[in-house]
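One-letter residues, chain by chain:
Number of protein chains: 2
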Amino acid sequence: MIKEAIFHKMDKEYCYALEAGKFLLKVRTKRDDMHIVNLKYTDKYAFSRDVVGIFSQEMTKVATDRLFDYYETVIDIDMICLRYYFEFIGKDKEVTYYGAYEFYSQDDKFTCDNMFDASQQVREEEIFETPEWARGAVVYQIFPERFARGSKREAKDYDDWNMAPMEYNSKLGGSLRGITENMSHIKELGVDVIYTTPIFSAPSNHKYDTEDYKKIDPEFGTEEDFKVLVEEAHQKGLKVILDGVFNHSGTSFLPFKDIMEKGQESKYWDWYYIKDFPLKMTRGEKPNFHSFAYYYGMPKLNTANPEVREYIFSVVDYWMNEFGVDGWRLDVSDEVSHDFWREFRKRVRKNNKDSIIIGEVWYESSPWLLGDEYDSVMNYLFRNPVRDWIAESKISVSDFADQMGAIRGRYHIRAHEVLWNLIDSHDAPRFLHFANEDKRKLKLAALLQMTMTGMPMVYYGDEYAMTGANDPDCRRGMVWDEEKQDKDMFEYYKKIIALRKDSDALKKGERIDVIVDDNNELYAFKKISGEEELLVIINANNSAVECDLHVGKTDLITNTIYQGIMPSKSGVILKIK
Amino acid sequence: MIKEAIFHKMDKEYCYALEAGKFLLKVRTKRDDMHIVNLKYTDKYAFSRDVVGIFSQEMTKVATDRLFDYYETVIDIDMICLRYYFEFIGKDKEVTYYGAYEFYSQDDKFTCDNMFDASQQVREEEIFETPEWARGAVVYQIFPERFARGSKREAKDYDDWNMAPMEYNSKLGGSLRGITENMSHIKELGVDVIYTTPIFSAPSNHKYDTEDYKKIDPEFGTEEDFKVLVEEAHQKGLKVILDGVFNHSGTSFLPFKDIMEKGQESKYWDWYYIKDFPLKMTRGEKPNFHSFAYYYGMPKLNTANPEVREYIFSVVDYWMNEFGVDGWRLDVSDEVSHDFWREFRKRVRKNNKDSIIIGEVWYESSPWLLGDEYDSVMNYLFRNPVRDWIAESKISVSDFADQMGAIRGRYHIRAHEVLWNLIDSHDAPRFLHFANEDKRKLKLAALLQMTMTGMPMVYYGDEYAMTGANDPDCRRGMVWDEEKQDKDMFEYYKKIIALRKDSDALKKGERIDVIVDDNNELYAFKKISGEEELLVIINANNSAVECDLHVGKTDLITNTIYQGIMPSKSGVILKIK
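The listed protein sequences derive, respectively, from chains A and B.
Everything in the first sequence is counted per our numbering, starting at 1 for the first residue and increasing by one.
Everything in the second sequence is counted per our numbering, starting at 578 for the first residue and increasing by one.
Source of the hints: derived by calculation from the structure; they are not laboratory data.
On a predicted model such as this, the values are computed, not experimentally measured, just so you know.
Some hints could be false.
Every beta carbon over 10 Å from chain B, so not counted as near; a handful from chain A, in silico [as the list claims (entries may be wrong)]:
(1) 2
(2) 60
(3) 93
(4) 169
(5) 469
(6) 541
Distance condition first, Cα-Cα at most 27 Å in a straight line; then the derived DSSO-like pairs of lysine-lysine [what the hints assert, rightly or not]:
(7) A:12 / B:586
(8) B:580 / A:9
(9) A:275 / B:930
(10) B:923 / A:12
(11) B:580 / A:346
Cβ atoms here follow ideal geometry from the backbone N, Cα and C, with glycine treated the same way.
Please build the complete structure, drawing on both the sequences and the hints.
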């Protein structure tokens, strides 16, 4: 047994209430090291008075990553404070006990001094609440300038819709009206949520350089257009999520313009982090003020300034309360303070307790996913291994499974259910580009999205097998020309999204790996929820592979009987129970 | 090398700014496993554009506990975001690299995808600021009912001052005036801070069952008396810290009385957590409302209720702004939410940016010590091993050293400098009681307090070698009878406090163990700060022990030349540099 591998922290990641009286405890061990792990617990105040003894409950291994296993258990309790420790029975027969960060060889050494402690009351106040509608829901990401022009727009006013790759600054004329007019396409695909990159007034085509946070960009339309868009979406049962670009503004945002004019005399001086004046705003040179990625065109807002906070919150209030926006995806959110996001969450949830907040963090995000900041993040930790395994064959099946295990093992269970599992976005080359345009691979990636727990995100056009290298190429105009649409891909997406919609096992069930075969590049895992049990088999191999698991069961995707042969680059979903 | 033992988290405990441009990085490894640990780092945005390469800096082992070593390094940087990973060169010659929670065998595998990330800007906003005056300062804890009656009080009105052990409810007549009148004693001892247990109006003698948070308890005196006390203390250069009992009130607190009268009609109904009415308030029975330790006499305040918060903050404002209180020790603080304490800190620091906040948490407290809640805690993790080693000989020298190492290794460096290192308090038997009245042991415990980094806390009377079992016995009347005072102990305390005051090495220097000899119960450690270097030697053995380190140097405590023999239960502080 490797004691040094055992990790627990009496804090929100490893010890939290799921609801009043229901407590989740988690502990990490070295992979394959333990035979049995038991939670031992008691009531702090009753125990200290000798009124109750110690209870014991076996823990379940819920995830495995490259080095570690993760054990969890949920206990029903009604007490002021929980006291607990762990019993480990190793595969090597060694037995050890762990309390208050120390190890003991005897179970009778635990007193009030050396157990772990958790205040139930506090944990119940801190319950991580995510919207019920979001758990397992499917998101559709739109880059508005490139989705659809909509009626009343003339081609001659814009660059060619189908030119590709485009210039960084080209304008194709997409609009909010274009989105609304094509909402039946989105609805037909079967998604639940529309997320658009920024739509507020800004000079660029991507609109991440905001000029006016309370105005729809005139190139995209009007406030009225947006109102219609949200109403139409809500009528169709779709949620609408906007992009909150609060790390930085554009340089044409009034407060920054005021500073450019008046220097230190400007009443907005403290809205930014400015070292000296006049401002250095030359491409390729480090500006003398904080900015996004040292780019002078995106000056960093001082979100520690209460005036700036209040302004941002007024923006949030406005779009939520006047237009019914259902949530926010937060741009560059890891470069803004935890303190700001905590206050942000309170304000957003006050406007609508059923709203959702998604951070843009490209790496492990648990510091933000503990219940008081975001609900979710753009989950690049899903995208990277899907790309590496399916598109580029750079990692093995077991590497992939380990990385999925890390996601389940490391994240708070409430965050895990709503992670935005993407395979591409406006910020990265499309999956199909990495896959060397092999559409079978795109289908496998989409199948992984739709069968893993979380919120799969479809980037506009994936459903028609659109491709594209790094931006701007990944932001091509949506394929509306029916000749050029990959209808087969669309039907595939529609099917697997529909299957997901009907299945709690796919949406939020536990994953249990059944085959992790590196030689054959074969991966089979069960998804289980209540009585429901599905088996997903994926053959990433260049050849067909035999797999005799559950032969004779129906593949829900094709509605055919599974014969025990998995063709090259293919996947099935078998209904087991 | 045991990779599973390596721990780092790209979050506040392991990665923080000390000041603008100065970043501290920490990583934990298996004990004695590493030959060299290097931090490799770069500028996120410059690296992603190939503008800069990777820098390397060797890390220093700063602490060791039973299982782990802790390495730290501080780097000077000026960048938007830091990207970094670690290089480990094991004692077994194995070399491994660790980035984004995964291990790599090659140093050339690091891209933008797999390093750790930290936003410098965010970390600078989140700098953990503690008051300069507090770092290393000495605290004197007073239980006001038992410290001194003061003039104008007649013995006949109270129980016998010198009776012991006392009844739980006996009243001896201590008062604020008693404190003020004896402040020259406190000053002579050489401490920097007076902390009193509660002084607001409450029926009990300990005053933890508050009746009126804005009134001095009439048995203790008047607001005027308190004003004089604070003024007198400030004139003498002493800070005054009050006990904030905000987890619960007493039952005679107006809002609770209103509920007892009016039930659910009371406008204060939501100030508490009440399940049903009428209230069950019978000793020995679980009340039908949340309370401290299931005791009906201390109903738990609903600090999630904004009205309650505002009330508590108004209390804090009142005593800080009208009376000049310098900080708060927070009773049962682990049973109140993080969200409450974060807001609490902002309010307290707004009143006085040089004030201090100390939580009552009896166990590892890092979740509260990250810069946005408390500055410090009552450090029972210091008291327990001092008791176990020095008083009771239950643990070895190396156990003790490991536990001191755990404190240094696990806590934020800013918290570590101000931890309230106590050996006893009003809540536990006095050290001397555990030590079976062996005063030599008390001297050793005090010597450890005064030589370790943190804020040593002297509980009133320790300086005269007072003893006492569990409360109420540990709350005996202070020994003012000169016949009964242990003057030798007082001189000893005075001396070691004075030595500490003059020495940055003692107050906040790094500790380096030189001898950890379990057989001889001999412990020697250096404390180092800048050019200053002291050696502390402690012999906890029942016999004299030879120790030939730095023979001929002066023992600062006795001002005699150290001869190389440590008598039984003795300690020295040698000036090395």
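| request: Determine which of the earlier numbered hints do not hold for this structure and return their numbers in increasing order. | output: The structure conflicts with hints 1 and 11, although it agrees with all the remaining ones.
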